[in-house]
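One-letter residues, chain by chain:
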Amino acid sequence: MKGNFIDNLPKVYGIYTGGFLAFIIIMSIAEQMGMTAKTIGICFVAFTVAIYAIIGYLSRTAQADAYYVAGRQVPTVFNGMATAADWMSGASFVAMAGGIYFKGYGYMALLVGWTGGYVLVASLLAPYLRKFGCYTVPDFIGTRYGGNLSRFLAVVVLTVASFTYVTAQINATGTIASVALDIPFQYAVYVGLVSILLCSMLGGMRGVTWTQVAQYIVLIIAYLLPVFWISNKMGAGFFPHFMLADEVSRIAELEAQFGFVKNSAENLKEVPKGLAGITKAHSAVNATPWAFISLALAMMMGTASLPHVMMRYFTTPSVKAARKSVGWSLFFIFLLYSSAPMLATLSKLSLIDPTLPTGIIGKSISEVQAIDWYQNWNQANLMFVSDFNGNGTLELNEFFMGGKAVVLATPEIAGLPYVISGLVAAGGMAAAMSTADGLILAIANAISHDVYYKIIDPKAETAKRLVVARVLLVVIGFAGATIAAMEIQGILGSVIWAFDFAMSGLFFPLVLGVWWKRANREGAIAGMALGLISGAGYLIWVRNGGSGFLGITQLTFGIFGSAVSLVAMVVVSLMTSAPNAATQKMVDEVRIPSGKSILGKQH
Amino acid sequence: MSKQEQHWEKSRGLLFMTLAIWFVFSIGIFLFGAEMNEVTGPFGYPLTYWFTCQGSLGAFVILIFWFANRQEKIDEEFGFSERGDD
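Listed in order, the protein sequences are those of chains A and B. Note that the first sequence covers residues 10 to 612 in the numbering used here. Note that the second sequence covers residues 465 to 550 in the numbering used here.
Just to be clear, a hint being listed does not mean it is correct.
[Stated by the list, open to error] Below, a list of computed lysine to aspartate or glutamate pairs in the EDC-like style, where the Cα atoms sit at most 20 angstroms apart:
1. B/Lys-474 <-> A/Asp-597
2. A/Lys-605 <-> B/Glu-502
3. A/Lys-594 <-> B/Glu-469
4. A/Lys-278 <-> A/Asp-396
5. B/Lys-537 <-> A/Glu-531
6. B/Lys-467 <-> B/Glu-536
7. A/Lys-271 <-> A/Glu-376
8. A/Lys-289 <-> B/Glu-536
9. A/Lys-289 <-> B/Glu-540
10. A/Lys-526 <-> A/Asp-597
11. A/Lys-605 <-> B/Glu-499
12. A/Lys-47 <-> A/Asp-381
13. B/Lys-537 <-> B/Glu-469
14. B/Lys-537 <-> B/Glu-499
15. A/Lys-372 <-> A/Asp-255
16. A/Lys-594 <-> B/Glu-473
17. A/Lys-605 <-> B/Glu-546
18. B/Lys-467 <-> A/Glu-598
19. B/Lys-474 <-> B/Glu-541
20. A/Lys-278 <-> A/Glu-404
21. A/Lys-112 <-> A/Glu-264
22. B/Lys-467 <-> B/Glu-540
23. B/Lys-467 <-> A/Asp-597
24. A/Lys-473 <-> A/Asp-396
25. B/Lys-474 <-> A/Glu-262
26. A/Lys-526 <-> B/Glu-469
27. A/Lys-112 <-> A/Glu-262
28. A/Lys-526 <-> A/Glu-598
29. A/Lys-526 <-> B/Glu-473
30. A/Lys-112 <-> B/Glu-541
31. A/Lys-289 <-> A/Asp-255
32. B/Lys-467 <-> B/Glu-546
[Unchecked claim] Here are the computed distance ranges between Cβ atoms for each label pair:
33. A/Asn-241 <-> B/Phe-480: 37 to 47 angstroms
34. B/Phe-480 <-> A/Phe-248: 33 to 43 angstroms
35. A/Gly-424 <-> B/Phe-507: 21 to 31 angstroms
36. A/Lys-242 <-> B/Phe-507: 17 to 27 angstroms
Think of the hints as simulated: they come from the structure by calculation, not from any bench. For each residue, glycine too, the CB sits at the ideal point set by N, CA and C.
Only chain B is shown next, with the shape it has when bound in the complex (with noise of 0.2 angstroms):
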């Protein structure tokens, strides 16, 4: 396998990843949205409530820098990234 189709292969396993965590936070836990209401969230807030407020916003701005830190790492890994700029 040639190093570009690694590179593609471990970007592909990233993006597989993210996708899945992105998946809980927009689609996963409101499926059970009347359930976890029930319960007390951070801050006091009702569970379901604090996700739509904050908790699933905060979890999306974190994970795209996670995602791409982790995604400069695999660039650097199979020297593909760019050089001399932010």
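Same shape as in the complex, but just chain A (with noise of 0.2 angstroms):
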């Protein structure tokens, strides 16, 4: 029956494709015939969710590795989907596209970064860490250096990492739930948080893997299809990855003929928080070198740290399956990633070009203070203009926005029907509900297993050590929630600093464990002690009001981090004595892909 399963799976997951999109049509008939925009809402957020929870309860597990690792069976491709939506959080589903329009080629350091960082799994750790045959990332950290505290420091590493990224995600989540069901967001962020766990809690990974598959469907066709949709309606090319060039240097053109004026810090303060103006160009290069590659380093380093990415990789059948689909993984990325640029462009020219029926700049304030959808989304707090130098006309620094609103607006500036709103909530809600799960799982299975069952009790029986993973994993998600609804950070913010912490902790004592003999207990435990610590500290220097050095900032604190944990690890090792001779074995026994796993199939 299990194999029957994993054969039958492309024809599984068409059926639900097709459905749906079956599902989008019904609802945009639904729409022609009255259906108001918030039953649509509802509709759209709740039969996907409802779908998730099915998949979830039908991939209920009492085993170990299924639990753990999906019972590794999951194929190539199937995997890479999965790992696909684990990677787009919420924030690259609502804040991508928002960020390029604001920032332009500084925040696209993050692109490349989310993507390169993907080699270095490919190359330096994936296929190791699947052949090793852990079911945890500090499996391997204790078991290739050796010893309680040093299992216990990445655990201690990954809790920080993940638990910093998770509350931005149940945060989204909650936001989404919370507009398109119109409920108060203290409790959205629970029935998101309901959500979650109904799709993790009775399957672990393996309910987890197939959730996410489906998840990765729902937000993929929500993001390629209104893209593809706005760029045909406006004209601009009916694939407009490979067509938006005229309207890059169109837009390069009205900035010149606008300019970038300043606001005076009196009249920004009318401006609502959260919001901002067009102030930088949209395809000029407009960061220093070093302030774009150390941003997209950052990211690639603490890519290859995540132990919620990684972990999707121990459960492929084979080494070579899991090399092959981390490729996968990019592949499904890259078709939501390269397209977020391409929804800036759209968005931004049909707004600020005034030859367009859409654009705005140019037209009198009255005039667009009438507009339906400025009026909406005004209302949501998202949209805001205010006449600065009493002209009556509005300019280009006069118009404010939210960074959410690229996404989320958009397909109604453009004109477009409301199913395609209730469409991108779904995929909104797919995106962080996947990752938020992927996190929690890797939070709570590090606990039960590697603090619970190796540190703790070592002689529980498999039962048992469900249960505790199972009640870690509410524990751990309703903290997330609770931080959540105090809403202290923002989503992006949070996000880009799991990155930094997962790096400065993990990444060097994870790679130099498979390419570096020598690395011993001693280097892992001051590389991963003294990485978190350096890297953390420089943050919070840098947060009150400390200057920095080598133009490190805030957002790449990590490169400072992960640097003084190379030197800890290599100086340490070298001062301390070469690991035993059934280390170095088991070392070059990772290096080949035959033969036994290190680690037994259930352990």
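These two chains come separately, so use the hints to put the complex back together.
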């Protein structure tokens, strides 16, 4: 039956995709027949979440290897889709196009960083960790270097990085649920949490894998359909990725014509918090090489150290499949990432070009304030205009928008039916849920497997271990939701911090564990502890007004942390004795794909 | 040199080559971002802009598949590849 399911995967997900497309068509017919926008939004979110819950229920399991690594039988391409959903968070989905829209080139370092990191994953780590046969990332650290302290430190780094990340994701599910279901944010956060737990609670990694594939399909349709539709509607080209060069140069032309007028601090006080104007060139290079490269580098090394991504490659049937699967993951990510700049271009041009019917710059302020969609998004606190110079006409520097509006509002501005907005809400929900699931599972698994089973009670039976794992899942989820409900940090900032924390503590201990035989326990402990402490210290210093050095900012503090980690690890390793013969042999074994994995099938 | 040492030497060579190509597309070209953006790139986009939107991203996808195939060949050559799965 199980083998049967794996063989039938293309068929199962083919039917699912067809069913989802049919659902979109039914909804658009319902819209024509007068269904309200609110009902459509509720239908989209409720329908998709119900399907994920059913998949989560059908994937329930009582076996350790199914719970921790989905039985190691996830085919290459499907694991690629699951990883892509795991990877692309609410921030990628909702905020990325907005970031590109406002910050241009300087922001696009994130695109390069969040894709280039997969080259490091494929070549330095994933296949070797798959051969190792571990359940969690700390499992590798603990076995390779030996000792409870190294294992425990790996759990600490993992928890700090993943928890920083997960609060942002639960926050995003809450935001979308509160808009779509029309309930207050404080309750919506818990609705989001319950949806997340429905996917992972019963089936662990197996449940998360199959829901993530389903979520990827929803989120990619929800992202690409509007981009293609808008592009065609505007007459910009039927395949936007290859055809927007004229639009890009038109934006540059308009920017030169309008100029970037700086607003006075007094005027800016009027603008609601979180909204921004267009102050940077769209396609020109507006950052120094080091600012761009340091941010890209931090994101790349962070990618290779984030445990919720790495553990997806523990689920493939073989080492060979793990390598290929990284390629597929990046391909599926590429589909969305390469579309975000196109959406930003279309969105910006449609708003600022006075010759287009949707263009608002150059119109009179009162005319703009009378537009339906302006009123809607102004009410949602995502758009704002003000006549600073008192000439009655809207100038480029007098128009402000929230980052999320690029994805959320552009379909409406371009005149697409409301069904698309419902679809986008379902896509954002899928993106945030899938990432939150992966992260909560990574933390809960590390604590239940590495702290509880390996350190506290090594004789625990499977049934008891899985109960502990599930209880932790709920506890960590609630802790995350509680912090998310307080709304302390912005979504994007905390996501970037998570990468920096992960690379500070884990990048070199992981990489050198495979590539440097001489690396030993003392070195790894020093690398993880000093890396994390110095990275966090740098962040706190800069946040409290410290000047920083070498152009390392609070977004790239991982560069400092990981440099300290590398030096500490090498120096301490060389000062202490080499690892014993058994460990050296273990490293040799990890380096070849054939033969038994280091850790047994059930451990 | 044992079979395993030879295998590792070749694997390491492939790693360095992969990382060199990765370096060019993730770091190297952005050292000259401002100069390169004056040039018109594929599909008519400014060149550096195109690399950040599509070029580098696509290069990484191709690079990973290329790396995976080369590594598989190396594993086969020394008889270290796994059997009977995909």
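Here is how each hint holds up against the structure:
1. Taken as a hint, the B/Lys-474 and A/Asp-597 pair is honoured in the structure, with Cα atoms around 14 angstroms apart against an allowance of 20 angstroms.
2. Restraint check for A/Lys-605 and B/Glu-502: the C-alpha separation of about 54 angstroms exceeds 20 angstroms, so the hint is violated.
3. The hinted pair formed by A/Lys-594 and B/Glu-469 meets the criterion: a straight-line CA distance of about 12 angstroms does not exceed 20 angstroms.
4. Simply put, A/Lys-278 and A/Asp-396 have alpha-carbon atoms about 13 angstroms apart, close enough for the 20 angstroms limit, and the pair holds.
5. The straight-line distance between the Cα atoms of B/Lys-537 and A/Glu-531 is roughly 36 angstroms, outside the 20 angstroms bound, and the hint therefore fails.
6. Distance restraint check for B/Lys-467 and B/Glu-536: the Cα-Cα separation of roughly 16 angstroms lies within the 20 angstroms cut-off, and the hinted pair is therefore satisfied.
7. Taking the CA atoms of A/Lys-271 and A/Glu-376, the gap is about 24 angstroms. The hint is violated against a cut of 20 angstroms.
8. Taking the CA atoms of A/Lys-289 and B/Glu-536, the gap is near 46 angstroms; set against the 20 angstroms cutoff, the hint is violated.
9. Distance restraint check for A/Lys-289 and B/Glu-540: the Cα-Cα separation of roughly 52 angstroms exceeds the 20 angstroms cut-off, and the hinted pair is therefore not satisfied.
10. Taking the CA atoms of A/Lys-526 and A/Asp-597, the gap is about 9 angstroms. The hint holds against a cut of 20 angstroms.
11. For the hint linking A/Lys-605 to B/Glu-499, the alpha-carbon distance of about 52 angstroms lies beyond 20 angstroms, and the restraint is violated.
12. As the CA atoms of A/Lys-47 and A/Asp-381 are separated by approximately 16 angstroms, the hinted pair is consistent with the 20 angstroms bound.
13. The suggested pairing of B/Lys-537 with B/Glu-469 holds, with an alpha-carbon distance near 16 angstroms, which does not exceed 20 angstroms.
14. For the given pair, B/Lys-537 sits about 39 angstroms from B/Glu-499 by alpha-carbon distance, which is inconsistent with the 20 angstroms threshold.
15. With a C-alpha separation of about 23 angstroms, the suggested pair A/Lys-372 and A/Asp-255 falls outside the 20 angstroms cut-off, and the hint is violated.
16. In summary, the hint linking A/Lys-594 to B/Glu-473 is supported, as the alpha carbons are separated by about 17 angstroms, within the 20 angstroms threshold.
17. Among the hinted pairs, A/Lys-605 with B/Glu-546 is consistent with the structure: their alpha-carbon atoms are about 10 angstroms apart, no more than 20 angstroms.
18. Taking the CA atoms of B/Lys-467 and A/Glu-598, the gap is near 13 angstroms; set against the 20 angstroms cutoff, the hint holds.
19. A threshold of 20 angstroms between alpha carbons decides the hint, and for B/Lys-474 with B/Glu-541 the separation of about 10 angstroms falls inside it, so the pair holds.
20. For the hint pairing A/Lys-278 with A/Glu-404, the CA-to-CA distance comes to about 18 angstroms; that is within 20 angstroms, so the pair holds.
21. With a C-alpha separation of about 14 angstroms, the suggested pairing of A/Lys-112 with A/Glu-264 holds against the 20 angstroms cut-off.
22. For the hint linking B/Lys-467 to B/Glu-540, the alpha-carbon distance of about 12 angstroms falls within 20 angstroms, and the restraint holds.
23. About 12 angstroms separates the Cα atoms of B/Lys-467 and A/Asp-597, which keeps this hinted pair within 20 angstroms; it holds.
24. Straight-line distance between C-alpha atoms of A/Lys-473 and A/Asp-396 comes to about 65 angstroms, which puts the hinted pair past the 20 angstroms bound.
25. With a CA separation close to 52 angstroms, the supplied pair B/Lys-474 and A/Glu-262 exceeds the 20 angstroms bound.
26. This hinted pair checks out: A/Lys-526 and B/Glu-469 have alpha carbons roughly 13 angstroms apart, not beyond 20 angstroms.
27. For the hint pairing A/Lys-112 with A/Glu-262, the CA-to-CA distance comes to about 18 angstroms; that is within 20 angstroms, so the pair holds.
28. Restraint check: the Cα-Cα separation between A/Lys-526 and A/Glu-598 comes to about 12 angstroms, which is no more than 20 angstroms; the hinted pair holds.
29. For the suggested pair A/Lys-526 and B/Glu-473, the alpha carbons sit about 14 angstroms apart, so the restraint of at most 20 angstroms is met.
30. For the hint pairing A/Lys-112 with B/Glu-541, the CA-to-CA distance comes to about 49 angstroms; that exceeds 20 angstroms, so the pair is violated.
31. With a C-alpha separation of about 19 angstroms, the suggested pair A/Lys-289 and A/Asp-255 falls inside the 20 angstroms cut-off, and the hint holds.
32. Taking the CA atoms of B/Lys-467 and B/Glu-546, the gap is near 16 angstroms; set against the 20 angstroms cutoff, the hint holds.
33. At about 45 angstroms, the beta-carbon gap between A/Asn-241 and B/Phe-480 stays in the expected band of 37 to 47 angstroms.
34. A beta carbon spacing of about 37 angstroms between B/Phe-480 and A/Phe-248 agrees with the range 33 to 43 angstroms that was offered as a hint.
35. The hint said 21 to 31 angstroms for the Cβ distance between A/Gly-424 and B/Phe-507, and at roughly 26 angstroms that hint holds.
36. In this structure the hint that A/Lys-242 and B/Phe-507 lie 17 to 27 angstroms apart at CB holds, the actual value being about 21 angstroms.
Taken one by one, the earlier hints fail for this structure at numbers 2, 5, 7, 8, 9, 11, 14, 15, 24, 25, 30, listed in ascending order.
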